[in-house]
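Please model the complete structure; the sequences and the hints are all you need to start from.
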Amino acid sequence: MNALPMLQLQNVSRHFGGLKVLEDVNIEVPEGGVFGLIGPNGAGKTTVFNLTTGLLPTSGGTIRFQGRDIAGMKPHQITQAGIARTFQNIRIFKEMSLIENVIVGMHAKLRYGAVGLLAATARFRSEERRARERAHELLSWVRLDHKAHDVADNLSYGEQRKLELARALATEPKLLLLDEPVAGMNSGEKTELMHEIRNISARGYTIFMIEHDMRFVMGLCEHIAVLNFGRIIAQGGPDEIRNDPQVIEAYLGREDESEVAQ
Amino acid sequence: MMEALSTFWVIHSNLILSLGTNALLALSIWLTLSCGMLAMANAAFMGIGAYTSAILTMQFGWPFPAVILAGMLAPMLAALIIGLPTLRLSGVYLAMATLAFGEVVRIVIINTELLTGGIGGIAGIPTSTEWWHMLLAVVCALFVLWRMRRSKVGRAFEAIREDETAAGLMGINVGANKMLAFILGAALAGLAGTLNAHLTFMIDPKEFGFDRGVEILTMAIFGGIGSLVGPVLGSAIFTLLPTVLSPLADFRLMVNGVVLVLIVLFLPNGIWDPARFKQWFGRKQGART
Numbered sequence: 001m002n003a004l005p006m007l008q009l010q011n012v013s014r015h016f017g018g019l020k021v022l023e024d025v026n027i028e029v030p031e032g033g034v035f036g037l038i039g040p041n042g043a044g045k046t047t048v049f050n051l052t053t054g055l056l057p058t059s060g061g062t063i064r065f066q067g068r069d070i071a072g073m074k075p076h077q078i079t080q081a082g083i084a085r086t087f088q089n090i091r092i093f094k095e096m097s098l099i100e101n102v103i104v105g106m107h108a109k110l111r112y113g114a115v116g117l118l119a120a121t122a123r124f125r126s127e128e129r130r131a132r133e134r135a136h137e138l139l140s141w142v143r144l145d146h147k148a149h150d151v152a153d154n155l156s157y158g159e160q161r162k163l164e165l166a167r168a169l170a171t172e173p174k175l176l177l178l179d180e181p182v183a184g185m186n187s188g189e190k191t192e193l194m195h196e197i198r199n200i201s202a203r204g205y206t207i208f209m210i211e212h213d214m215r216f217v218m219g220l221c222e223h224i225a226v227l228n229f230g231r232i233i234a235q236g237g238p239d240e241i242r243n244d245p246q247v248i249e250a251y252l253g254r255e256d257e258s259e260v261a262q
Numbered sequence: 263m264m265e266a267l268s269t270f271w272v273i274h275s276n277l278i279l280s281l282g283t284n285a286l287l288a289l290s291i292w293l294t295l296s297c298g299m300l301a302m303a304n305a306a307f308m309g310i311g312a313y314t315s316a317i318l319t320m321q322f323g324w325p326f327p328a329v330i331l332a333g334m335l336a337p338m339l340a341a342l343i344i345g346l347p348t349l350r351l352s353g354v355y356l357a358m359a360t361l362a363f364g365e366v367v368r369i370v371i372i373n374t375e376l377l378t379g380g381i382g383g384i385a386g387i388p389t390s391t392e393w394w395h396m397l398l399a400v401v402c403a404l405f406v407l408w409r410m411r412r413s414k415v416g417r418a419f420e421a422i423r424e425d426e427t428a429a430g431l432m433g434i435n436v437g438a439n440k441m442l443a444f445i446l447g448a449a450l451a452g453l454a455g456t457l458n459a460h461l462t463f464m465i466d467p468k469e470f471g472f473d474r475g476v477e478i479l480t481m482a483i484f485g486g487i488g489s490l491v492g493p494v495l496g497s498a499i500f501t502l503l504p505t506v507l508s509p510l511a512d513f514r515l516m517v518n519g520v521v522l523v524l525i526v527l528f529l530p531n532g533i534w535d536p537a538r539f540k541q542w543f544g545r546k547q548g549a550r551t
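So the protein sequences, as listed, match chains U and P.
In terms of the working numbering, the first sequence opens at residue 1 and continues consecutively.
In terms of the working numbering, the second sequence opens at residue 263 and continues consecutively.
A hint or two may mislead.
What the hints assert, rightly or not - Partial pick of chain P residues on the chain U-facing surface, computed with a CB cut under 7 Å:
1) ARG409
2) GLY433
3) ASN435
Unchecked claim - Listing some non-contacts, in silico: residues in chain P with all C-beta distances to chain U over 10 Å:
4) MET320
5) ILE369
6) ALA385
7) THR427
8) MET432
9) MET441
10) GLY471
Calculated directly from the structure, the hints in this document are not laboratory data.
Glycine included, each C-beta is placed from N, C-alpha and C at the ideal position.
Printed below as a string of C-alpha cells:
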C-alpha cells in the first residue's frame, strides 16, 4: 500500500450561484488500477474533472494530486504535474494530422530553446525526432498508427476518441482522466477500447474514468464511487456497488414506491 | 540595357520597396491570426515604430541600425503593456479593444506636437533604407516564422487557434504563447514602420489609422493564413493592384472592403490554400485513372 493516494478530493464543493453542483465530495483515487465515477445525468461528474484539471476553481475543499494541493494552478501547470484528460464531447485538433495532434501533447516535454529552434541544432532535431517516434508508438497503442498522417477530422467517431486518448498519454501523465470514453460507440468498439484501457492501465498509468455504461465500468474498475445530486452516495468494489440499496435507488427508483402503489 | 533598368528602378523603386513594407505588415498580423487572435493593433504598432525611429534619427542622431532596433523594441513594449489586460478577450472583443488602442495611439501622436509634429507629421526623414535592407528584413522575418512553424511553438499556436481549452490541457501555456505571438507581431509591424519611414521622407498620423489596419488584415486574409506564402502573396497583389487599377484610385478603400467580403464568403482560406490545391490535384488524378 502506498501512503499517498494518487488523487484526493476532500470536502470539495462547487456552487454556480445558488446551485450546489458538488457538495462535500470526498474521493480517494489510489495509485494504480482503474477507478470509476458513476452517477445519473447531471450528478456533477464532469464538474469533478473540470475542478481537477483546473478549468474551474473549487468553491470549497481541497484537491491534492500526489499529496500536493493543486488549488490555483492553471490547466497547463496541472497537466505538466501529471494529470491528463479526455473530453465527453471530443476535442481533438481537427485540422491537424493525427501525429501532430499527439506531438502537441508533448509540448512541455520538448527541451529546446529559441536558438535551437532557429538554428535547427542537433538538440532540436533529436528532440523532434524523439517526439515523432514516441507519437508513432502511442498511436500504435490505440491501433491508429497506419493513419498517422491523415487529417484528424476524417476519423470516425470511435477513432477520434482513441486519438484523444493517445494525445492525452503524450503529456506523460501519471493520472489519466477519461470522461465517458465509450459514449456513442457500438459494442464492438467498446470491447476493443476496454482491451486498450486495460493495456494502458497495465503499463502503470492510474485511470480515473466517468462512465454511464454499467457493464463497461463493472468490467474495468476495481473501485467505484457513485455521485448523485452532487454528493457521493456510495464507494467500493463493483459487487458492493451493484448491491448497494442507495445506488439501486438512484438508478432505478425506490422499491417501496411500487409496493405502495400496489 | 543597364540604363533601362536604372530608369525602371527610379520610377518604380518606391512601389517595389512598399512590397516589402506590406509583406512585413501582412506577416505581422499573420502571427496573431495563426494563434487564433483577431488583434487589430498592427497599424498602431507600425506607427509607434515609425515615430520612434524618425524621432531618434532626427532629434537624437542615432545610427540607423540602432534606430531599427529601437523601432522594433518600442512597439514590443507597447504590446506587452496592452497585451496583459486585453489578450484574455476573445474574438470580436479583442478586435475592439485593439482598435481602441490604435485610436489612442493616433490621438496621442496628434496631441504631442512638440515631439511628433502633430497632425502635420514629420517631414525630412533621411532616406536611409536601401532596397537590400528591405529584402533582408523580409527574408529574415520569413526565416524566423518558418522555423517557428516547424517547432513546438508553431504547433502550440495552431493548437490554441483550434481549441484553446484543449491546448491548455496539453501543457501549453496559452497566455504566454498568445503574448509571444502578439509581441513578435508588434516587432514586425514596428520594423515595417521604421523601414518605411526612412524610405518615404515623411510620416503623418493618418497613415497609421483604422484604414491601414483594415488594409493589413485584408492583405493577410486575402492571401490566406494557412501558410507563410499566403500573406506575402496577398500583400504583393494588394500593393500592385492600385497601380494596375489607378483609374479606380478614389474607390480604393471600397475595393478593399469588397475584396475582404468576397474572400470571406467564397475563399475562407484565402487564395493560397494548399488543402484546396491538393483537392484539385487529387480530383484531376482521379479523373485520369
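These are the hints, each one checked on the structure:
1. ARG409: holds, 5 Å
2. GLY433: Holds, because the Cβ-Cβ distance from GLY433 of chain P to chain U comes to roughly 4 Å (cut-off 7 Å).
3. ASN435: Since chain U brings a Cβ to about 5 Å from ASN435 of chain P, closer than 7 Å, the hint holds.
4. MET320: holds, 34 Å
5. ILE369: Fine: 36 Å to the nearest Cβ keeps ILE369 of chain P off the interface.
6. ALA385: Check passes; 38 Å lies beyond 10 Å.
7. THR427: Answer for THR427 of chain P: violated, closest chain U Cβ roughly 7 Å.
8. MET432: violated, 5 Å
9. MET441: Given a closest Cβ separation of 14 Å, the condition holds.
10. GLY471: Correct as stated: the minimum Cβ-Cβ distance to chain U is 34 Å, above 10 Å.
The structure fails hints 7, 8 (numbered hints given earlier, in ascending order).
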